[in-house]
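Chains as they are written, first to last, in our numbering: chain C, 31 to 554; chain U, 365 to 601.
By construction, these hints were calculated from the structure, which means they are not laboratory data.
Check the hints yourself; a few may be wrong.
What the hints assert, rightly or not - With a cut-off of at most 16 angstroms between alpha-carbon atoms, the simulated EDC-like pairs for lysine to aspartate or glutamate come out as follows: (1) K503/C / D383/C; (2) K374/C / E540/U; (3) K163/C / D83/C; (4) K413/U / D383/C.
Claimed, not checked - Chain U side only, calculated, beta carbon under 7 angstroms to chain C, not exhaustive: (5) N388; (6) P389; (7) L390; (8) Q402; (9) A405; (10) K413; (11) S416; (12) R417; (13) S452; (14) P589.
Built from N, CA and C at the ideal position, the CB exists for glycine as well.
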Amino acid sequence: MSHPDLTTGIERLVLGEGDKATEVAALPPKKNTVLVSHGRPPWYGEDGQRICDAFVIGVAGGSASGKTHVARQLVKKLGSIPTVIILSQDSFYRYHTPEELALAHANLLDFDHPDALDMPMFAACLADLKACKQSNIPIYSFAEHQRLQETKYLYGATIIIAEGIMALVDPALRALYDLKVFVQADSDLMLARRIKRDVTERGRTVDGVLDQYLRFVKPSYDNFVRPTAAHADIIVPGSNNDVAIALICTHIRQQFQDRANRFRAKIAIPHLYVPPKSRSGTSSPECKLEDLDLICLPQTPQIQGILTILRDRTTDRQDFYFFADRLATLLAERSLEFLPFVSKTVSTPMGVDYHGQEPDLQYLCGVTILRSGGALERGFRRVINNAPVGSLLIQTEHETGDPLLLQAKLPDFVRQRHIAEKAWVYLLDGQIGTAAAAFMAIRVLLDHGVQEDRIIFAAFLIARTGGISVLRKAFPKVRIVCAAVDDRISEGWIEGGAKPGESNRTKVWLIQPGMGQIGDRYYL
Amino acid sequence: MSSVPAPAPPQPANHVNTNQAHMNPLPPSVFTLPQTAQLEALYTIIRDKNTSRGDFLFYSDRIIRLLVEEGLNHLPVVKKTIETPTGSTYEGVGFQGKICGVSILRAGEAMEAGLREVCRSVRIGKILIQRDEETAQPKLFYSKFPPDIKNRYVLLLDPMLATGGSAIKAVEVLMEQGVPEERIIFINLIASPEGLTTFTSKYPLLKVITGWIDEGLNEKAFIIPGLGDFGERRYCV
């Protein structure tokens, strides 16, 4: 569904830590941009609820005043903010009637009037993004002068910059901004830039540009745009604005620091609740197995035998792979018993009716938590052959132990909010130890509108004394299906350094007796 | 060739047997799958005469896997202590005894793919039994078994247990090969109460794992409501 060559398409750039400044400077001057640096740390508390909104900046100013430049300079100067979305008002031009379309192609439609924009939709999309929900923003094609059928999916921004000449016009939009910026440039400077841009880049004639300027651009600026400067928190010059940008960045950093200080204590990092090693093996009252409300496969001789093979360190990869698939199939069969069913009557080839059942759901999809959730994917496929399967890449940051969301590739059923609200999601992970990844994955699904009681989480193994009790309290309606529950979790070391040149050992939480690193054993 | 494992007492099935709508009580050697709404939905798909062949294959395979998993639970296991990759010791169990599959041609072959998904590279023997035109009795036309079959547990595969005639004949052939009755596990998707009664009264020690017990047989000895001819629907010939 992506259209990388559309002028309004949103590019997604992944930047490394060190090269951010140079990369941003070299960005092509496209309007909508998603910038991703390192992963996204938890944005929710131990109760599972979101603890802060995204920070929203509105940047307004005349056409060719330098708004885009200011937005980009902000991103560049801010440095290592996880995810920034630059949202252009151009995406929100209205859907045109055939009459308007004819005018537009004759260059007679006034695109510089506030009514040309779908302000309620702009505000709705921005409000969703601010509330850490997904948004599917419209795509407007300047070539066709029309809003396209497709939309662009956005999710997970820490900072959103909304820019456009009318960005400060609508009161509903203004209410969403944490910081309002007006970029001020002299009219002659803006006109000079406009003539240069339109003639060299868009192949217009000087007469044409001047005609459009006098007919639409100038009155619009005087009547609608310039007066909104009164709403701005800060007015930035359209050129030589390094000092102003530095001031704004200082302000934003201060805001972030304040938030971080306020919320740090609340952020959910389930491994902090893991009891110390010395006490491992003893059951503390808050994590009794029966209180955890887990659905464990019946411990038949076959399940016990499969688990013994999977736990055995001498099991080779081929056997591990085979028995993991077999166990994953049984987990999927057990998990999907929780789907709703309704009566259905069919006619058999014997010519008699049979009163049976059928699943009563429209949308079912899988989401794998990479890597170890991949070990459950084949089993799911053997049970459900036509469901889309997405993935979430969640890794632990080695310095802090925080989980980081590195990538979210979610199925369309989840991306579209109105479908997500009806969808059943089968979430797959190898094991739940600290529960940090499970916590984040469930929060991502809830952010998208998936209902908590329609999430079924499947894992081979759960550590009873790990983060599961925090997870259970935060999300009591999620069904959690597993093959076994182990008593202990402890800190240990595994081979394989995080970065080259460092020690070859990484500190991790290990379930005991456990199965080792499921992802490694399945894939490496 | 390893020694013959002692015919250990059969392990109890873990699932509560609830499918007693058409047969109550069940013979003690008969086990069904847990009768969940999901299982019923699988049967609804494969019974529907309008189901495509692709769906028939996919959903019947799901049931067959569950049946084989349940059948394997009747095999013996032994205590086994292992070390995990995290350095802990774990008291688990190890599988004991060699197995093989035997499919009753032709429909039984349709269950082999599902069997192999659960038991990798398992040996599979075959039996062809047809009705003798003169006597109207089932007659053995062909059989081929692994040479050491008498040392193995046998999973006997036939999707439909109707009158029980060919299944009884197949067990007869297996016992002639030296396989003790209690080491055979008969696996089928749908059984008739008549067939179960006949079969289990002849072989009371032989475990029968069935997915669903239907109403009964019609005058042509087809299972009602059933699903038609399993082999025909599976192979489309």
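Checked hints:
1. K503/C / D383/C: 46 angstroms, violated
2. K374/C / E540/U: Measuring from Cα to Cα gives roughly 46 angstroms; hence the hint is violated.
3. K163/C / D83/C: With Cα atoms ~10 angstroms apart, K163/C and D83/C stay inside 16 angstroms; holds.
4. K413/U / D383/C: At roughly 10 angstroms apart (the allowed maximum being 16 angstroms), D383/C and K413/U satisfy the hint.
5. N388: The hint is violated - N388/U has no Cβ within 7 angstroms of chain C, the shortest such distance being about 19 angstroms.
6. P389: 23 angstroms, violated
7. L390: 19 angstroms, violated
8. Q402: Holds, about 5 angstroms.
9. A405: Holds, about 5 angstroms.
10. K413: 4 angstroms, holds
11. S416: 12 angstroms, violated
12. R417: This interface hint is violated because 13 angstroms lies over the 7 angstroms limit.
13. S452: It holds, given that the least Cβ distance between S452/U and chain C is near 3 angstroms, below 7 angstroms.
14. P589: 4 angstroms, holds
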